[in-house]
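Chemist: The whole structure should be built from the sequences, with the hints applied where relevant.
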Amino acid sequence: MPDLPAPAAAPDVHPADLPGRLQLTFLPAEGTLAWWGTADVAAALRAHGLPEGRPSSARLAIPVDGELRSVLVPVRLADPERDVDALLKLDVPTGPFGDSVRTWREAARLPGIADGSVREEVAARMPPAAHAVPNDDGTAVMSAGAALGAFARTLRTRAELAVAAVDAEFRPYQLAGVAWLRSLAEDDGASGGGVLADEMGLGKTLQAIGLLATRRAGPHLVVCPTSLVANWRRELARFAPGTPVIVHHGPRRDLPAAPPPGAVVVTGYGVLRADDALPAIDWDVLILDEAQQIKNPDALASRAAARLPARLRIAMTGTPVENRLGELWAILNVTNPGLLGPRARFRQRFAVPIERRRSPAAAARLNALVAPYLLRRTKAEVLADLPPKQHSTITCTLTAEQERLYREAVDRAFADGLGSGIERRGRVLALLTALKQICNHPAQYLGAHDTGEDLAGRSGKFDRATEMLTEIADDRVLVFTQYRAMGELLARHLSGTLGTPVPFLHGGLGPERRDRLVQAFQNDPDAPPVLLLSLRAAGFGLNLTRAGHVVHYDRWWNPAVEDQATDRAHRIGQRRALNVHTLVTAGTIEEHVAAMHESKRALAGVVAGNAEGALADLSDADLRAALEGRTA
Amino acid sequence: MTAEFGATAWGRAWLRTAEPVAAPPDRLRPKARSLARNHAVTSLTITAGQVEAEVAGHRTSLRLPLWDDAERVERLVAKALDNAGPLAPGDLPDDLAAAFRSEGIAIAVPPDALTPDCACAARRPLCVHALATLYALIQRIDETPALALDLRRQAHQLPDPPSPDWTPMSTINPAHFYKSPGETNGPTTSARTRVR
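Those protein sequence lines, which keep their order, are chains C and A.
The first sequence begins at 1 in the working numbering and counts up by one.
The second sequence begins at 1 in the working numbering and counts up by one.
In short, the hints are calculated from the structure, not lab data.
Glycine residues also receive a C-beta, built at the ideal position from the N, C-alpha and C atoms.
One should not assume that every hint holds.
Take a look, some chain A residues computed to stay more than 12 Å from chain C by CB distance [as the list claims (entries may be wrong)]: (1) Pro-25; (2) Ser-61; (3) Asp-82.
Now the in silico label distances, taken between C-beta atoms and shown as ranges [claimed, not checked]: (4) A:Asp-82 with C:Ala-162: 42 to 52 Å; (5) A:Leu-81 with C:Arg-376: 31 to 41 Å; (6) C:Ala-162 with A:Pro-164: 22 to 32 Å; (7) A:Asp-68 with C:Asp-137: 37 to 47 Å; (8) C:Asp-524 with A:Thr-47: 44 to 54 Å; (9) A:Asp-82 with C:Ala-344: 15 to 25 Å; (10) C:Arg-376 with A:Pro-164: 21 to 31 Å; (11) A:Arg-75 with C:Asp-474: 49 to 59 Å; (12) A:Pro-125 with C:Ser-117: 57 to 67 Å.
Modeler: Structure representation (structure tokens):
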């Protein structure tokens, strides 16, 4: 919340203040139990034949000098999958375990823990140590009942995900996220809503898919920017292969009046504005992805979203909306109508007091109102759960203009004939370059002939990249492209949308300019959060470890070159997680390249040299299939 | 444009107490507004018939009369809440303010019905600290209009029930932090000798 004190940085615990015997406490943000209580928790766990878990630290309220204080305690996070089993087998009465361990073991053993009365009974026996997670201002700790409830929800969610055959490994915080999403509807069963606002890179889409797949009554509706429709279809097919997916998009769209139960319909905000079929269906879950799209309550899309009938209404955004009160109101007005009151009243009661005169009372009140319906976790908070590098492929769609240019270029090349031998190689290479440029942006392909006035809305990839970079607000991003012209288009456009000049580091810059850009990116807190680089410039031994995200705007034939660029931002032993996003346009040569990369990476770096050459060696029919993305 | 003081009908009613239309502007007004604006009014508590705060180091309070026709007030409140539909927590419908007006019930009290008390040395009763407290009250009522009712009627509702999801730290005995309630056997960790 704006101007609310962030959770006071808790001091590290003094070892003498630890109880000296093992304790267990449920951490809601991580969605798992944490072992603590002795100076060397791992050794104590080993001594009892228990899995060591992952090292982390947690803010807990424990007795220090006779009163409860929030301190940072070293913990080992139990793996919710395996370690609960180990906990069940534990011979607690004889070991040097705290009562917190005993009560959590009891909770894990009770099949009926989700049942209110059983839960209350166990809760009554729980010592404070078992649920000593303090609130932000350090005045209260999570209650035993709430901790048990969250624990039971996590267990049940895991079981449901297994039944639904969701084919993904959920990290503990993601499991907690799915459980939270499910709980939004559980309170009264009838309706509910909320905002999943995890920082970009934490897997919001996967958590949403977990929710959709475990509510099999369906049908569900996913509304996302047009640039993401293909990506949703892909991700649903990958993680929930048993879920029927209907893409409702394009001029020839045709929605069955009653989609099959459990089906997920994916559509774009553009369609939502004008479509009659969508409001006629009784939806179970409505997902509004990239909910910044409905930040203006007067926009057609926002009004259409508010009118859609759905039992559970979820907005997803990586932008910290709680800092922009108008947006927060607009989004919650769709997911949780009435929660914040009418818009004019919200301005009087909250927006003006908080934004204009920084009223802590109004901020605290708003925070309390919103907190149950907003889940936001940052990479820093769940660092222990994250691998050092996470790769994700974002599938983009061609716009109508791109599709036309692409088809024309392919048709022309084949009509003219590609010839054979050296000549064929030259012509195939020229064609590939043209197609890659069209995927990037029509303006790059058309160059001086481009008559378009605006860059937005003409390239699925360009729009998606712009949305992503706007969303990564608190972190630093490197964007690689192999084309100078593309880098310049991006620099121009992003400088406008981000409201700050976005620099472009390319081989044409002198070493001094390059150094200055790198230094600013690494060390200057006011430097623009985005740095564009030509892929070639990445060969210059740059050190750009401040980046939390790397975006590959276009594909290079050789994955090793991309990896080298990625490694500019990642150093072995670096204690922070890096997200690597690769943009791929569906149904184009880019998909073929992506598939090729996968197989090359699988060959452990044995790179089969000349990919363009390999394409030139294909027959016309096979080449055409590759160019139209039909081989991938 | 939302007013800094008196953004809602409820705050605006109390603004008339701070700035009566009939009287010449108080020369302390700019200073008092500035104190409220700059968060110099702290620990503001609002209870039936009383507002207390600390202003620039001075304990200040305002006492004021409750509504004398409590029954009529309750009737109007009940009716307005029935008609209003769902309300955001802490809010009141502006229709209720209008109903008060048409029934001749004043939301706020006139300046001479206030009994200010301040620890400062100023001789005038409504010192700059008391006036600043009034401005802070107006802002607080704008944020939470329901306080306008709490201020002028006997507390007939219980305070918000404690949230079942949170246990206040003040209710936890540090000596029993590690021990299951209701079990008396076994060594208690709190009895360990602490070495620093």
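Chemist: Confirm or reject each hint.
Modeler: Checked hints:
1. Pro-25: Holds: least Cβ distance 22 Å, greater than 12 Å.
2. Ser-61: The claim stands: A:Ser-61 keeps its Cβ more than 12 Å from every Cβ of chain C (closest is about 18 Å).
3. Asp-82: 16 Å, holds
4. A:Asp-82 with C:Ala-162: 42 to 52 Å: At roughly 48 Å between Cβ atoms, C:Ala-162 and A:Asp-82 fall inside 42 to 52 Å, so the hint holds.
5. A:Leu-81 with C:Arg-376: 31 to 41 Å: This hint holds: roughly 33 Å between Cβ atoms.
6. C:Ala-162 with A:Pro-164: 22 to 32 Å: 30 Å, holds
7. A:Asp-68 with C:Asp-137: 37 to 47 Å: Because 40 Å falls inside the window, the suggested range holds.
8. C:Asp-524 with A:Thr-47: 44 to 54 Å: 51 Å, holds
9. A:Asp-82 with C:Ala-344: 15 to 25 Å: 22 Å, holds
10. C:Arg-376 with A:Pro-164: 21 to 31 Å: 23 Å, holds
11. A:Arg-75 with C:Asp-474: 49 to 59 Å: 52 Å, holds
12. A:Pro-125 with C:Ser-117: 57 to 67 Å: 59 Å, holds
Consistency with the previously given hints is maintained throughout, with no hint failing.
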